[in-house]
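A.B. asks: Sequence:
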Amino acid sequence: PIEYISGQFIFVRFYNEKLSKESHPFSIASKSNDLKIKIIIKNLGDFTSNIHQVKVGDKVAIEGPYGRFICNVNSNIVWIAGGIGITPFIGMAQCLKDKKSENKIDLYYSVKTEDELIAGNNFREIEKLNKNFRFFPWITNDLGYLTLKYIIEKTGNLKDKEIYICGPPAFKKSLIESLKKEGINEDKIHEEDFNLR
Numbered sequence: 001p002i003e004y005i006s007g008q009f010i011f012v013r014f015y016n017e018k019l020s021k022e023s024h025p026f027s028i029a030s031k032s033n034d035l036k037i038k039i040i041i042k043n044l045g046d047f048t049s050n051i052h053q054v055k056v057g058d059k060v061a062i063e064g065p066y067g068r069f070i071c072n073v074n075s076n077i078v079w080i081a082g083g084i085g086i087t088p089f090i091g092m093a094q095c096l097k098d099k100k101s102e103n104k105i106d107l108y109y110s111v112k113t114e115d116e117l118i119a120g121n122n123f124r125e126i127e128k129l130n131k132n133f134r135f136f137p138w139i140t141n142d143l144g145y146l147t148l149k150y151i152i153e154k155t156g157n158l159k160d161k162e163i164y165i166c167g168p169p170a171f172k173k174s175l176i177e178s179l180k181k182e183g184i185n186e187d188k189i190h191e192e193d194f195n196l197r
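Counting from 1, position 138 in the sequence shown corresponds to residue 138 in this note's numbering; the numbering is continuous, with no gaps.
It is worth saying that the hints were derived from the structure and are not from the lab. Computed from a predicted model, the values in this text were never measured in an experiment. Check each hint, because a few of them may be wrong.
[What the hints assert, rightly or not] Using 27 Å as the maximum straight-line C-alpha spacing, the simulated DSSO-like pairs for lysine-lysine come out as follows:
#	residue 1	residue 2
1	K188	K104
2	K159	K173
3	K38	K97
4	K36	K18
5	K112	K42
6	K188	K97
7	K42	K172
8	K38	K55
9	K38	K128
10	K112	K180
11	K18	K38
12	K55	K18
13	K181	K159
14	K42	K173
15	K112	K154
16	K112	K173
17	K104	K128
18	K36	K97
19	K188	K159
20	K59	K104
21	K55	K42
22	K104	K181
23	K154	K172
24	K104	K18
25	K131	K173
26	K21	K38
27	K172	K112
28	K149	K172
29	K188	K154
30	K38	K172
31	K154	K128
32	K104	K149
33	K36	K21
34	K180	K159
35	K173	K149
36	K112	K181
37	K154	K131
[Unchecked claim] For each label pair, taking beta carbons as the anchor points, the in silico distance ranges come out as:
#	residue 1	residue 2	range
38	E102	F47	25 to 33 Å
39	E17	D187	20 to 28 Å
40	E3	F47	20 to 28 Å
Glycine is no exception: its CB is placed at the ideal position from the N, C-alpha and C atoms.
Modelling step: build the complete structure from the supplied sequences, incorporating the hints.
C.D. replies: Written as structure tokens, this is what we have:
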């Protein structure tokens, strides 16, 4: 098995004649070094719209892990996810079941409708098990866009927190700009980015 830390990503190539032969990046949705590597795929384009063609028994090539979107649970943390950007936080939150942290972790998860919440029950279960983890689902069809004002109301001062953001580019950009205007140091803001440097 490959070694990885939840929050990293892998390149996956599916050997199926109905799919492109290219590798595609996907966030790992498993806790660190779990023997079962989980990925969650949303239909966002040509490749992902055909992913339903994958069959049990198809060969898959995995390359990685890559990325530095790795959470330091030794500090107070805010996780902010938009849509499918929840994926890396699923594995990170699973790690909280095994490793109790004295540091506070708040997860804000923005989706259009309640039906789009992925792993919502899992986060609620972890919230019951770990007094330092709080889960804040945000439904944009009911509440409008998730705002930094709301996050500050619930979490308090963000200047002493490590902030992790994953989601669509416009979602990340808007939040990062708001955080910088709030005076949050760039070193405290971490975003998932599939670009290899």
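A.B. asks: With reference to the structure, classify each hint as holding or not holding.
C.D. replies: Hints versus structure:
no., hint, result
1, K188 <-> K104, "holds (15 Å)"
2, K159 <-> K173, "holds (19 Å)"
3, K38 <-> K97, "holds (17 Å)"
4, K36 <-> K18, "holds (25 Å)"
5, K112 <-> K42, "holds (14 Å)"
6, K188 <-> K97, "holds (25 Å)"
7, K42 <-> K172, "holds (18 Å)"
8, K38 <-> K55, "holds (16 Å)"
9, K38 <-> K128, "holds (24 Å)"
10, K112 <-> K180, "holds (25 Å)"
11, K18 <-> K38, "holds (22 Å)"
12, K55 <-> K18, "holds (11 Å)"
13, K181 <-> K159, "holds (12 Å)"
14, K42 <-> K173, "holds (21 Å)"
15, K112 <-> K154, "holds (21 Å)"
16, K112 <-> K173, "holds (18 Å)"
17, K104 <-> K128, "holds (14 Å)"
18, K36 <-> K97, "holds (17 Å)"
19, K188 <-> K159, "holds (8 Å)"
20, K59 <-> K104, "violated (41 Å)"
21, K55 <-> K42, "holds (17 Å)"
22, K104 <-> K181, "holds (24 Å)"
23, K154 <-> K172, "holds (19 Å)"
24, K104 <-> K18, "violated (45 Å)"
25, K131 <-> K173, "violated (31 Å)"
26, K21 <-> K38, "holds (20 Å)"
27, K172 <-> K112, "holds (16 Å)"
28, K149 <-> K172, "holds (16 Å)"
29, K188 <-> K154, "holds (19 Å)"
30, K38 <-> K172, "holds (24 Å)"
31, K154 <-> K128, "holds (18 Å)"
32, K104 <-> K149, "holds (19 Å)"
33, K36 <-> K21, "holds (23 Å)"
34, K180 <-> K159, "holds (10 Å)"
35, K173 <-> K149, "holds (16 Å)"
36, K112 <-> K181, "holds (26 Å)"
37, K154 <-> K131, "holds (15 Å)"
38, E102 <-> F47: 25 to 33 Å, "violated (42 Å)"
39, E17 <-> D187: 20 to 28 Å, "violated (47 Å)"
40, E3 <-> F47: 20 to 28 Å, "holds (27 Å)"
The structure fails to meet hints 20, 24, 25, 38 and 39 from the earlier list, while all remaining hints are met.
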